[in-house]
Amino acid sequence: MKTAKPSLGATASHGHAHDHPHDHDRAHEALGQGAGGVNGVAGGIAGIAGASLESALAMAETYCRERGEKLTPIRRKVLELLLASGRATKAYSLLDEMRQIHPGSAPPTVYRALDFLLSAGLIHRIESINAFAVCHDLTQCQHGILVVCQQCGNVTELHEPKLRQALVAQIEAAGYRLSGDGIELKGVCAQCQTADAAPAETAAEGTQAAQP
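The sequence shown begins at 1 in UniProt numbering and counts up by one.
Rather than coming from a laboratory, the hints here were simulated on the basis of the structure. Predicted, not measured: the structure shown is a model, and the values here were computed from it. Warning: the hint list may mix true and false statements.
Stated by the list, open to error - Here are the in silico distance ranges between beta carbons for each label pair: (1) R177 x A51: 22 to 32 Å; (2) T194 x E127: 38 to 48 Å; (3) Q191 x S128: 12 to 22 Å; (4) G175 x D96: 18 to 28 Å; (5) A197 x K162: 41 to 51 Å; (6) A195 x S128: 12 to 22 Å; (7) T194 x G68: 18 to 28 Å; (8) G104 x Q170: 41 to 51 Å; (9) R65 x A174: 37 to 47 Å.
Claimed, not checked - Computed list of lysine-lysine pairs in BS3-like fashion (alpha-carbon distance at most 30 Å, straight line): (10) K77 x K186; (11) K70 x K90; (12) K186 x K90; (13) K186 x K162; (14) K77 x K90.
Just so it is clear, CB atoms sit at the ideal spot from N, CA and C, and this is done for glycine as well.
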């Protein structure tokens, strides 16, 4: 029987987490809502740090322990890097970061850690950009619809079960069988759109100013 994931908002038996109950609320807010997530839409996963980061890691350790598994130091560090990043990160980037901490880190070490985190349901594999991201709600990961920014790697999860079910039904009605649980949409996030628009606006203003 699969162990249900604990809620970040719940009081954990882990000593550090129990000593700081408000940290769970901060961790849940950072992971579960991101930047302005409302009505089933989880905003881009904001990178977290400090007490919120430690609380999230403690809850992940508790969850793994209840599954009869262990969040080893390497697995924990890879998860920590993804949490701190706040966006989809490629394996080789994680390897570079790991080597700054542990110079002897090899690719298989990182890939094994990623495979474990995937099997535990703590992270997503973003197939369209070949990267990895923490589930928006670390302890209640569900298979939603992922919207991926192709420029910065920001990932937004849309949690609309009926929409997903309808989409899957249409796909199956067309004679296809999904090869995985992930559904990804590619696009450009609001922040990148704003950044792209700024040079164009500046150029337009310069042209207008140069006109007699």
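So which of those numbered hints doesn't the model satisfy?
1, 2, 4, 5 and 7
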